[in-house]
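Engineer: Whole structure, please, built from the sequences with the hints as guidance.
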Amino acid sequence: MRNPVRTTITYVLLILLTVLVLTPLFWVVSASFKPSGEIFSYPPTFLPQDPTLENFTRLFQEMPIVQYVVNSTFLATSHTLLLLAIATMGGFAFAKYSFRGRGVLFAIVLASMMIPFHLVLVPLFTLLYQFGWLDTYQGVILPYLASSGFGVFLMRQFILGVPSDLIDQARIDGSSEFGIYWRVIIPAVKPAMGALSIFGFLGAWNEFLWPMIVLRDAAKYTLPLGLASLVGVYRQEYGMLMAGTLLSILPIMALFLAMQREFVQGITLGAVKE
Amino acid sequence: MKPRYAPYFFLAPFFALFGVFMVYPLFDSIRLSTYSVRGMQNQTFVGLENIERLIADPLFWTALWNTAYFAAGSLLLQLPVALALALLLSNARLKGRNLFRLSFFSPVLISGVFIAVIFYLLYDRRYGLVNRVLGSEIQWLQDPDLVMPALVLAGVWRWAGFNMVYFLAGLQSIRQELYEAAAVDGAGPWQSFVHVTIPALKPVIAFVVITSMIGSFQLFDLPYVLTEGGPGNASMTMVMYLYKHGFEFINLGYAATIGWALAVIIGVISIIQVRLFGVFREN
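Chains A and B are the protein sequences, given in the same order.
Under the working numbering, the first residue of the first sequence carries the number 1, and numbering increases by one thereafter.
Under the working numbering, the first residue of the second sequence carries the number 1001, and numbering increases by one thereafter.
In short, the hints are calculated from the structure, not lab data.
Hints may contain errors.
What the hints assert, rightly or not - If you only want the chain A side, here are some residues facing chain B, beta carbon under 8 Å, derived:
1. Y97
2. F99
3. L124
4. T126
5. L142
6. L145
7. L202
8. F256
Ideal Cβ positions, reconstructed from N, Cα and C, are used throughout, including at glycine.
Structural biologist: Structure, rendered in structure tokens:
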């Protein structure tokens, strides 16, 4: 970077690329505030000439968007909490116990990460039908948690770094095994749990195909399902679609900004040696 | 609870869910693929008929071609872009580095449905930004020759920032001495990129190539919302085709067969890539 020409070129490229990446998002924001006449003006305007909240008020009037937000939040939160419990417990077992079958079970966890979820889409659907779980939230959440192998693996990697002395000390002090999990392991891996929870939350918040298959009743729809149904009805209502998109992106952006560091740490752990 | 049983207790939730919602359906999927299933109660054993039908089904091959096109496009376009972004950001003294990284990463946070809606507007023939910038009136999503390239570009926008993070982490783990040694040997920037950066990044490149291949082959939400597989079937993907048979035509046996075809293709490609990169060879 001592070379000023290279530095300048780097910055120019970075700024150009940033503009390129952010333009579609800017376009969403801009279109959400345009009256419908302006979206279909030719040539298109970059900034709303006559900014309005019309798209948002119509969105709230014509679509149960608050309900969708509540549903999405409930679904993503339950999914995340269960994922955290499954992954930390499983990771703890693999990282800190030696037991019969550990190698085989761990190999199964790794292999489970390679199975494409779509392979079991149809048999899962018939299974839920037999359970009477179609159109229920447990029907959306529990099958999806069968793919928690990545979480188990991730937590194992982090828990390996927790000093075993802490565990031995707790055991000498008369702590139960669950007590060790709860009072030693959980506090020690809080940052890693942060990473995993963004993963889980993001995945569940954004998932489309599986909830679309399970959920029938529109009152149970999540934001992506609600918006996708809006696309069918309001093909030409770009303003409302953009306003809905903006509202759906904002919470996830806020969450990410708050937990950026943990997230980046989490996604890279899989690819780079520990 | 005795310490001896504790690990089994801790592993029970994962393996219970995995058994019920993954292993059992996997076996059921084998069974289903040998049946003609019209509705839940109406099942007839047909043996290998579904597979014969699949091989003779031109639409299946169209879906496979489109999916492979998307995967290849992602590989050839998206990964170099992701690597370039990472290289640009790799200098730790860069000002505003976090801000740039966050911007490049932001599309990853958005659900495919919303990305589809955004690109629906961007690609509009008359009112879309893409044509406005190009000064053209191209029908990106209505032209059978352009719809897949248009989807590949949307995919680049969506995933490049995600893979950039992996490359960035890989670049940071390369020891600085390697570059210094290369410089002593008289290597220019290009030579040190080819002879130091690329070999050192090999495990990360392998990881990114394999995971994005697996991801690309499961493409669904973008074409489902954006084009409904059209025009004609020019953007029909394998998972969309599976969805159509399984959940629109309620043709579960055939859909399960498509699922297996998808799994076999993903499996074969993954194995070829693992061999090619020689991952796991050292361990």
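Engineer: Looking back at the numbered hints, which does the structure fail to meet, lowest number first?
Structural biologist: As far as the earlier hints go, not one is violated by this structure.
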